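If you read the sequence shown in the working numbering, its first letter stands for residue 1, the second for the next number, and so on.
To be clear, the hints were calculated from the coordinates, so they are not data collected in a lab. Heads up, a few of these hints could be off.
[As the list claims (entries may be wrong)] Listed next, the in silico EDC-like pairs over lysine to aspartate or glutamate satisfying Cα-Cα at most 20 Å (straight line): (1) LYS15 - ASP48; (2) LYS21 - ASP7; (3) LYS68 - GLU18; (4) LYS68 - ASP48; (5) LYS68 - ASP7; (6) LYS68 - ASP119.
All of these numbers come straight from a predicted model, not from anything done at the bench.
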Amino acid sequence: HSVYVSDWENDRVMKWVEGAKQGIVVAGGQGQGNGLTQLYCPQGVVVDQLGTVYVADQGNDRIMRWPKGATQGSAIVGGNGRGGQSNQLYGPVGLSFDRHGNLYVVDYGNHRVQEFNIDSNA
Numbered sequence: 001h002s003v004y005v006s007d008w009e010n011d012r013v014m015k016w017v018e019g020a021k022q023g024i025v026v027a028g029g030q031g032q033g034n035g036l037t038q039l040y041c042p043q044g045v046v047v048d049q050l051g052t053v054y055v056a057d058q059g060n061d062r063i064m065r066w067p068k069g070a071t072q073g074s075a076i077v078g079g080n081g082r083g084g085q086s087n088q089l090y091g092p093v094g095l096s097f098d099r100h101g102n103l104y105v106v107d108y109g110n111h112r113v114q115e116f117n118i119d120s121n122a
């Protein structure tokens, strides 16, 4: 069993395997920034059955996807500047999937929850 922790202060997501003495960086960890290897104040994190990590990258107003073992992620939602358009986010803090694979994003600054079919945004 593992626990995934969004390490907001260190701009990374850590994986802690049961019994481990230290965690493993699975997303970010390259300093604060907006590059594909970086996060900026990550918040919510979800991991699917394949080990793909999805991160609400709050400071960059985007949702990032990091395949298992990847050294960089990809922006699958947002990343188009901060704003209220349907392709923009404003401080996303949470995310979740339903059983059909739809991604729900808590878009804090816009006071909304948005639903995305990530297959069309990949």
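*Straight-line Cα separation of LYS15 and ASP48 no greater than 20 Å?*
holds (13 Å)
_Hinted pair, alpha-carbon criterion (20 Å max): LYS68, ASP48. Please report holds or violated._
holds (10 Å)
*Under the criterion that the straight-line Cα-Cα distance not exceed 20 Å, is the pair LYS68, ASP7 satisfied?*
Judged against 20 Å, a Cα distance of about 18 Å means the pair holds.
*Below or equal to 20 Å on CA atoms is what counts here, so check LYS68 against GLU18.*
holds (18 Å)
_Distance restraint between LYS21 and ASP7, which requires alpha-carbon spacing of 20 Å or less_ = holds (17 Å)
*asked:* For LYS68 and ASP119, compute the direct alpha-carbon distance and say whether it is at most 20 Å.
replied: holds (18 Å)
Violation of the numbered hints given earlier is absent; every hint is satisfied by the structure.
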